[in-house]
Structures are given as C-alpha cells and as structure tokens.
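Participant: Can you make the complete structure from the sequences, with help from the hints?
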Amino acid sequence: MEYIPQALSKVRANRPLVHNITNLVVMNATANALLAIVASPVMAQLEDMLKIASALVINIGTLDEHWIASVEKAVEIAGELEKPIVLDPVGAGATRLRTETALSLFDVGAVKVLRGNLSEVAALLGEHGKTWGVDSTVYEKDKAKNLATAAAKEFNTAVAVTGPVDYVSNGKETYAIYNGHELLGMVTGTGCMVTAIIGAFIAVEEPLKATVSALAIFGIAAEKASEETKYPGSFHIKLYDWLYRIDHNLIKEKAKVERIEP
Amino acid sequence: MEYIPQALSKVRANRPLVHNITNLVVMNATANALLAIVASPVMAQLEDMLKIASALVINIGTLDEHWIASVEKAVEIAGELEKPIVLDPVGAGATRLRTETALSLFDVGAVKVLRGNLSEVAALLGEHGKTWGVDSTVYEKDKAKNLATAAAKEFNTAVAVTGPVDYVSNGKETYAIYNGHELLGMVTGTGCMVTAIIGAFIAVEEPLKATVSALAIFGIAAEKASEETKYPGSFHIKLYDWLYRIDHNLIKEKAKVERIEP
Amino acid sequence: MEYIPQALSKVRANRPLVHNITNLVVMNATANALLAIVASPVMAQLEDMLKIASALVINIGTLDEHWIASVEKAVEIAGELEKPIVLDPVGAGATRLRTETALSLFDVGAVKVLRGNLSEVAALLGEHGKTWGVDSTVYEKDKAKNLATAAAKEFNTAVAVTGPVDYVSNGKETYAIYNGHELLGMVTGTGCMVTAIIGAFIAVEEPLKATVSALAIFGIAAEKASEETKYPGSFHIKLYDWLYRIDHNLIKEKAKVERIEP
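Chains as they are written, first to last, in the working numbering: chain Z, 7 to 268; chain L, 7 to 268; chain S, 7 to 268.
If you're looking for bench data, these hints aren't it; they were derived computationally from the structure.
Only true hints are included.
Output of the computed footprint for chain Z on chain S, the stretches with three or more beta carbons under 8 Å from beta carbons of chain Z:
#1 95-103
#2 186-196
Examples of chain L residues lying across from chain Z (beta carbon under 7 Å, computed):
#3 L30
#4 M33
#5 N34
#6 A37
#7 N38
#8 L41
#9 A42
#10 M49
#11 A50
#12 I243
#13 Y246
#14 D247
#15 Y250
The beta-carbon is built from N, C-alpha and C at its ideal position, and this holds for glycine as well.
Facilitator: Here it is, written out as structure tokens:
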C-alpha cells in the first residue's frame with residue numbers, strides 16, 4: 007500500500023482547502039483535525055467559498071430546514087464546479103428526515119465518498135437500521151463488508167463502513183482496515199474528523215485510495231495516542247498530536263490494510 | 007449515600023441516550039462529558055430524536071426566536087412521551103428574555119430538575135438577581151440553601167443551586183454537596199456539563215438522588231483533576247479523564263454529601 | 007512597555023465582561039481563552055447582554071443573513087452605549103459578502119480595534135487580497151507594517167495586522183510585536199482568541215496599548231507552551247495554561263515589542 011504514505015505527503019505538500027458543512031458539535035474538533043494533518047479547513051456555510059476549495063465535506067449531524075436548503079445549494083454548486091464531495095450521514099436511520107436528506111444529496115452525482123457506520127449506511131440502503139445514539143453501531147463484520155460493497159454499487163461512489171474493522175469499497179475493489187482504537191468511541195466527533203480527513207485526501211488521490219489512506223492514517227494516530235494514555239480527555243489531545251506526527255515510517259510499520267474479496 | 011456509586015453503575019450499564027438542546031459554546035464539551043461518564047449524547051435540535059432518548063437536557067445559553075420555538079416544541083413532546091427534562095437556565099436574570107423563556111418551560115410539567123447558580127435560580131423565583139457574566143455567582147451559603155428549597159417547592163421539581171457548596175432539594179429533603187474545585191470556574195461550560203450529566207443520571211434514578219449523584223461525581227472528578235494540574239487547559243482535559251476513571255472506591259473515599267435541614 | 011504587565015493586572019482585577027459575537031467554530035476556544043486570562047466571556051447573540059458588557063468582540067467567521075442583521079443591531083447598540091468594539095474580519099477578501107459586511111460595521115464609529123491577517127485587512131482597504139483558507143496569510147513584512155498604518159488612518163481605529171511579526175498602529179504610533187510561535191497556525195481559532203483577548207484589554211486600556219498588550223501576552227503564552235510540546239493538540243491545551251500562568255516577570259523577560267516608524 008505504497009500509496010498511503012504518498013497520499014499523506016501530497017496532502018502536506020498541497021495543504022488542500024477543505025470546505026466543511028458540518029454539525030455544530032464537532033466544528034472545532036474537525037478544523038483542528040484537518041490542521042493537524044496539515045490541510046486547510048474552511049467551516050463557513052457560504053457557497054462562494056467553494057470556488058477556492060478542493061473538496062466539500064458534508065455532515066448532517068445537526069440539520070434543520072435552513073441547513074438543508076443551504077446544503078442542497080452547496081451540493082449543486084459543487085457539482086457544477088466538479089468539486090468532490092465526501093458525505094457523512096450522521097444519524098441516518100435514526101430519523102426519517104436525516105435518511106431522506108442524506109439520500110437526496112446523491113442526486114447531483116458529486117458525492118464521491120460516503121463514510122458512515124453500519125446502521126447509517128444500512129439505513130441509506132433502505133434497510134431498517136437501528137441507530138443507537140450517533141456514535142455507536144450494532145456491528146457485524148461480514149454485514150459491514152457486504153454493505154460497503156452493495157452501497158458502493160448502488161450509489162456509484164466509494165463507501166466506507168467504519169467500525170471495529172473499516173471496510174472500503176468502490177464496488178469493484180474492497181479493502182479492510184484494521185487500524186483504530188476503541189477510545190475513539192469515547193470522544194465526540196471522531197467519525198466526523200476522519201470524514202473531514204478523507205476530504206483532504208480526496209483532493210490529492212482518487213476516492214478509493216483516498217478513503218483507505220485517511221482511515222489507515224487516522225487509525226494509526228489513534229493507536230499511537232492510546233499508547234500514551236488510556237483516558238478519553240488526554241486521548242483526544244494526543245490524537246491531534248499524532249495526526250501531526252505520523253510519517254512514512256510509522257505508516258509502513260503500523261498500517262494494517264488488506265485487499266479482500268469484493 | 008450508597009445510591010451514588012450504584013447510580014454510576016446503572017449509567018454505565020445502560021449508557022442512557024441523553025438528548026441535549028444546548029448552547030453552541032459548550033456542545034462539544036457537553037458531548038465529551040457525557041461520553042466520559044459513559045452515557046450516549048445526542049445534540050441534535052430535532053424533536054423526533056426524543057422518541058429514542060431517555061432524558062432531555064435544555065440549556066438556554068444561546069437562545070434566539072428560532073431556538074425558543076424549537077425548545078417549546080421539544081418540551082411539549084417530552085411531556086407527552088414522559089421523558090424527564092433537566093433545565094439549565096443559563097443567564098436567567100441577565101436578560102428578561104432568558105428569565106421568561108426559562109420560566110415558560112415549566113408549564114408542561116416535564117421539568118424534573120432545575121440546575122443553576124444562585125443568581126439564575128433567584129431570578130426565576132422573581133427576585134432581582136444580578137448576573138455577573140454567565141459563569142459566576144454572588145454566592146451566599148445560607149441564601150443558596152434556602153433558595154434551593156424554596157424553588158423546589160415553587161416549581162415542584164428537584165432544584166440544584168450550585169456554587170462553592172451545591173445545595174439540592176426536592177422541597178422535602180435537602181442535601182449539601184461539598185465536592186468540587188475552583189478551577190471549574192476557569193473552564194467554560196462546566197456548569198452545562200454537570201447539567202448534562204444529571205440528564206444521564208435521571209435516566210436511571212429518581213430526580214433528587216440523580217442530581218446529588220451527578221454533582222458529587224462531577225465534583226470528585228474535578229478534585230482528582232486538580233491534583234494533577236493547577237492550570238485551566240490541562241484541568242479541562244483531566245476532568246474528562248477522571249469522569250471516565252471515577253469508580254465506587256473513589257466515590258466512597260471522596261464524596262462529601264450531607265443531608266441537611268430543609 | 008510598563009503598560010503591558012499593568013494592563014494584565016487591570017484585566018485580572020476587573021475581570022471585564024467581554025461580549026462575543028463570534029463564529030461557531032471557535033466559540034468554545036474563545037470563551038476558554040478569555041477565562042484563562044481571567045476575563046468573563048459572554049457568547050450570546052443577544053443585544054440586551056451588551057448593557058452589562060465592557061466590550062464587544064465581533065468575528066465574522068460564519069456569517070449568514072440572520073447573523074448579519076443581528077450584528078448590525080449589536081453594533082448600533084454598542085455605539086449608543088459607547089461600548090468599544092473589536093472587529094475580526096475573518097475571511098474578508100475571500101468572499102464579497104464578508105468584505106462588505108466587515109466594512110459596513112465601521113459606519114457607527116464604535117469599532118476601536120481591527121485585528122486581521124494581511125489579506126483580510128488588505129481586502130478591507132480595497133486591494134485585491136487573496137485569502138488562502140482562513141488561517142494563513144501571504145505575508146510580507148514591510149507590506150504588513152504599511153498596511154497597519156494605512157488602515158488605521160483610513161478607518162480611524164487601532165489596527166493590528168498579525169502574522170510572523172504583528173504590527174499595530176493607530177495612524178500616529180506603530181508597534182512591532184515579535185512574540186508568538188508557528189504552532190499557533192496549527193490550532194483553529196487562535197486568531198479569534200487573541201481578538202477576544204484584545205476585547206478584555208480594551209475594557210481597561212486605550213485601544214493601541216490594549217492591542218499591543220494582548221498580542222504580546224498571547225505571543226509569550228504561545229512561546230511558553232511551545233517549550234513544553236511541539237505538537238498541536240498538546241500545544242492548544244498548554245496555551246490556555248500559559249494564558250493563566252503568565253505574570254509580570256514573564257512579560258518583562260519575554261516581551262519583544264518595538265516602537266517603529268509609523
């Protein structure tokens with residue numbers, strides 16, 4: 007997986023401007039995660055910022071009517087400007103509005119990566135997902151793998167179904183990423199952070215490789231952070247530190263990425 | 007006070023879903039505090055999330071007209087669904103709108119706990135409270151105790167008046183909690199955090215005990231954090247760590263809770 | 007520069023209430039920075055809070071139509087109440103709306119300090135600034151100095167153009183502040199934090215000295231934080247610690263402030 011360290015180098019060399027339309031809870035955390043990986047965050051809900059951005063990250067965590075209108079416009083503009091979109095369907099399945107809003111964003115064809123947990127992606131596929139909170143999943147390994155592949159085919163995008171193991175598929179190739187740490191579940195917004203980091207990588211790499219790279223790097227940073235502390239407050243801070251410290255050697259030593267049957 | 011460690015165990019076993027309609031400043035901090043105590047936060051301003059929640063926490067820190075309408079609807083739905091509400095009347099007394107908004111939320115009868123500082127609770131009782139900022143109180147010990155009892159009778163809820171000593175009353179029984187640390191006043195949102203944690207405990211315990219338990223546990227976590235650092239940035243992080251680390255032994259060793267005359 | 011430690015003492019003695027109308031990304035970080043320097047933050051978007059505030063800080067980082075109307079009203083009220091305003095024109099130059107919104111706020115005459123990076127202040131002066139993200143500047147030393155002086159004359163305020171060296175001018179006197187650290191650029195909202203801290207100092211000192219004091223103190227805190235860590239997550243936390251720990255001796259030892267030709 008030589009492309010993973012190479013993608014990191016490209017991010018750091020280009021500092022891609024990532025435009026985030028994200029939920030209010032994690033704006034600060036997401037911006038700091040992007041800065042730590044050495045990308046440039048813009049968090050404004052203004053469409054004219056899109057012109058100078060390299061990617062658009064949409065997170066539906068705190069949507070309302072005003073927000074939906076704003077996002078639909080942004081998605082349309084991103085389509086016209088050919089800016090790739092990464093979609094995080096937070097809470098899809100928990101409410102009908104969320105599921106429908108997330109689905110409607112695929113219409114323009116600009117969504118290049120979908121990143122969610124099992125219940126969220128399952129809900130988008132029309133199954134009856136049960137979302138328990140917004141940070142947890144009822145996770146089954148084989149189901150996650152099959153879901154990633156099926157959703158990739160259905161939506162014609164790269165899809166990451168994240169959990170204890172992350173599965174990434176574009177419908178033709180599928181990868182499993184074994185990096186990560188359970189303390190990520192004890193800090194709010196870590197899913198949103200990794201979605202934003204995919205936004206940085208999609209600016210420099212094609213969707214499947216961008217997603218695999220971002221997930222592996224984020225997972226390794228979490229593992230390194232967990233070596234320094236076992237508690238969530240300190241882990242959160244060390245996670246930023248390691249997103250900044252991670253380098254080619256660490257990736258080569260720690261990445262656990264496997265190509266699997268689709 | 008055997009019920010305090012037991013309540014913590016019940017929270018961790020059940021991971022109650024706590025729906026927060028809170029101010030924009032502290033959303034992230036509140037979510038992380040709930041995760042650290044091992045509850046499940048939902049921060050969305052969407053009423054349909056209430057169906058799957060165990061409690062509703064309302065914090066009026068950054069209210070506007072849109073927000074007020076949204077909260078009034080949520081309170082009504084919580085009443086219908088019989089979900090307990092914990093109310094944090096941030097800045098009540100500082101502006102008429104805040105005072106009136108907070109008061110109006112009692113109408114439905116779903117507010118089970120009111121948690122504020124002396125000036126906020128006093129303002130709700132119709133006295134002329136003087137709010138100095140949103141994080142401070144002109145605190146007098148006896149006044150705080152009497153205020154908690156009077157407000158509990160007036161509003162027919164559990165009331166916590168927090169400060170150097172926290173007083174909790176349901177109008178019949180009153181408790182003093184001596185745990186806590188002055189560095190809590192140097193970090194934004196610590197009052198909001200403990201209100202949210204009351205939301206987690208009210209999902210597993212009756213209002214008075216839930217409030218006493220949450221305040222004692224939060225105060226002990228602050229004391230332990232202050233043993234590791236004397237500075238507010240590091241204290242903030244260690245506070246999350248200790249919300250996660252606190253256990254039965256620590257509660258038994260450190261809890262300073264006293265039943266006092268009502 | 008005897009006035010710098012004196013200004014810090016006045017802030018800590020008075021704990022000025024600083025009313026922030028700021029962007030959603032940095033609300034929490036800004037409030038914590040104000041608390042760490044021992045001022046009192048209010049983050050509400052409600053005009054009636056202004057009556058009890060000592061200064062108003064306006065940051066246009068996440069503006070929309072609703073926000074603009076709210077800010078225009080706040081600026082008008084601040085003018086009537088003679089509360090000094092500190093303006094942070096985040097992203098001015100990046101979009102026409104931002105540039106025009108920022109400029110319109112000068113009309114009432116209540117803006118006493120403008121704090122931005124080179125491209126933002128340049129955009130306000132009608133030059134064609136190119137904003138690359140919201141946290142970076144295409145920085146040239148002489149241009150920054152001249153820009154601060156020119157903008158101060160044009161807008162009849164104190165102006166700080168911040169970057170590797172900070173330049174502060176009121177059109178008659180100009181100062182260079184050499185304190186700071188490059189890790190500030192790896193944490194979101196550090197520019198917004200220092201703008202808010204200027205808001206605390208303007209409550210106790212005239213605009214030019216308030217701005218110089220705030221920038222020097224913030225820069226020294228960053229230098230001390232960087233002595234303890236080289237990574238952005240930990241640096242962010244240590245920055246709060248050092249805003250709290252900084253004292254007269256540290257200022258005298260570390261301040262690098264120079265009066266230069268206007």
